[in-house]
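There are 2 protein chains.
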Amino acid sequence: MTGTRVTIGEAARRSGVPAKTIRFYEESGIIAPAARDTNGYRFYGESDVETLRFIHRARDLGFSLKDIGDLLALYRDQGRASRDVKDLALRHVAELERRIAEMTAIRDVIKTLAERCHGDHRPDCPILEDLAHVPQKVS
Amino acid sequence: MTGTRVTIGEAARRSGVPAKTIRFYEESGIIAPAARDTNGYRFYGESDVETLRFIHRARDLGFSLKDIGDLLALYRDQGRASRDVKDLALRHVAELERRIAEMTAIRDVIKTLAERCHGDHRPDCPILEDLAHVPQKVS
DNA sequence: CTTGACCTTCCACCGACTGGAGGGTCCAGC
DNA sequence: GCTGGACCCTCCAGTCGGTGGAAGGTCAAG
Chain A
1 MTGTRVTIGE
11 AARRSGVPAK
21 TIRFYEESGI
31 IAPAARDTNG
41 YRFYGESDVE
51 TLRFIHRARD
61 LGFSLKDIGD
71 LLALYRDQGR
81 ASRDVKDLAL
91 RHVAELERRI
101 AEMTAIRDVI
111 KTLAERCHGD
121 HRPDCPILED
131 LAHVPQKVS
Chain B
140 MTGTRVTIGE
150 AARRSGVPAK
160 TIRFYEESGI
170 IAPAARDTNG
180 YRFYGESDVE
190 TLRFIHRARD
200 LGFSLKDIGD
210 LLALYRDQGR
220 ASRDVKDLAL
230 RHVAELERRI
240 AEMTAIRDVI
250 KTLAERCHGD
260 HRPDCPILED
270 LAHVPQKVS
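Chains A and B, in that order, give the protein sequences.
The opening residue of the first sequence carries number 1 in the working numbering; numbering runs sequentially from there.
The opening residue of the second sequence carries number 140 in the working numbering; numbering runs sequentially from there.
You may find that some hints are simply not true.
Claimed, not checked - Derived pair list, reagent style DSSO-like, types lysine-lysine, alpha-carbon separation capped at 30 Å:
(1) A:K20 - A:K66
(2) B:K250 - A:K66
(3) B:K205 - A:K111
(4) A:K66 - B:K159
Stated by the list, open to error - Per label pair, the in silico range of CB-to-CB distance:
(5) B:T160 - A:A32: 37 to 43 Å
(6) B:G155 - A:A35: 51 to 57 Å
(7) B:A174 - A:S28: 42 to 48 Å
(8) A:R59 - B:D259: 23 to 29 Å
(9) A:A73 - B:R238: 28 to 34 Å
(10) B:E185 - A:R83: 52 to 58 Å
(11) A:N39 - B:S203: 41 to 47 Å
These aren't lab readings, by the way, just hints derived from the structure by calculation.
Quick reminder that beta carbons are idealized off the backbone N, C-alpha and C, glycines included.
With the hints as extra help, turn the sequences into a complete structure.
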């Protein structure tokens with residue numbers, strides 16, 4: 001419980017979250033304001049670093065800071081229902097799938113147009129023709 | 140060539156680009172400053188509306204405003220090489236595929252974790268455990 | 001002459017940072 | 001004791017592609 005008191009730079013190294021981003025997280029309320037040393041420097045304990053790692057991992061998985069706030073609250077709530085966590089995760093999965101489908105559709109359109117483009121010195125190009133004449137919808 | 144002079148609202152209706160966004164495009168240099176009527180109102184001709192439709196379509200296909208500027212320049216350059224258009228398009232396809240792959244990997248991780256989560260009243264949850272203990276990397 | 005739908009400009013905000021200016025602190029070496 | 005470099009601090013601006021709103025001018029219908 002003595003806890004290793006580390007500076008923001010060391011917390012950054014241990015969590016993978018840049019110092020600047022840690023300050024930003026504090027500012028935006030996703031983490032509580034850090035304790036301060038007599039010189040005004042922030043310091044962090046082991047559990048703070050764990051929280052930062054949690055956030056880092058969740059960001060890597062594409063969760064918004066808003067969702068991460070909710071996930072952290074659930075994480076800390078011993079009486080949570082796993083249903084709430086699962087629901088949040090599945091909503092994120094649904095959103096990812098929506099975006100994947102959207103991007104895949106776009107990619108296919110452009111790829112098809114590019115395949116029909118000579119790609120040489122000549123100026124005629126189905127890609128520009130598509131953009132200019134807006135033939136069919138994508139979404 | 141007399142050209143139907145339309146207001147920004149009408150240009151918005153005809154192009155699908157909101158009036159506010161048209162002003163934003165002008166401000167950010169993607170389109171030239173519109174001509175002004177005696178009352179200071181912007182007005183747009185047929186070719187301006189076509190340009191806006193071009194941009195609208197290109198945005199739908201996920202091109203950045205920077206890329207759209209380049210595409211417009213190529214579109215207007217009668218002596219363009221279709222290679223340049225194709226290259227730009229294929230760079231965009233590559234970026235889309237990178238993002239699709241990234242999101243798909245993330246989705247699979249979360250989906251797998253969610254499948255292992257009871258999703259009921261009980262508090263134990265592999266999703267939170269993953270986030271807390273950061274077992275493997277995603278990217 | 002008023003009402004409402006337009007148009008104008010300017011400024012602020014979204015998400016999730018990132019970069020930089022300008023300044024304070026701390027420690028190691030000389 | 002002093003200097004240098006690596007930290008730390010706060011605050012402001014910029015990224016990208018808009019969107020929302022305030023405050024005010026214009027125009028046509030009733």
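Violating hint indices (sorted, rising): none
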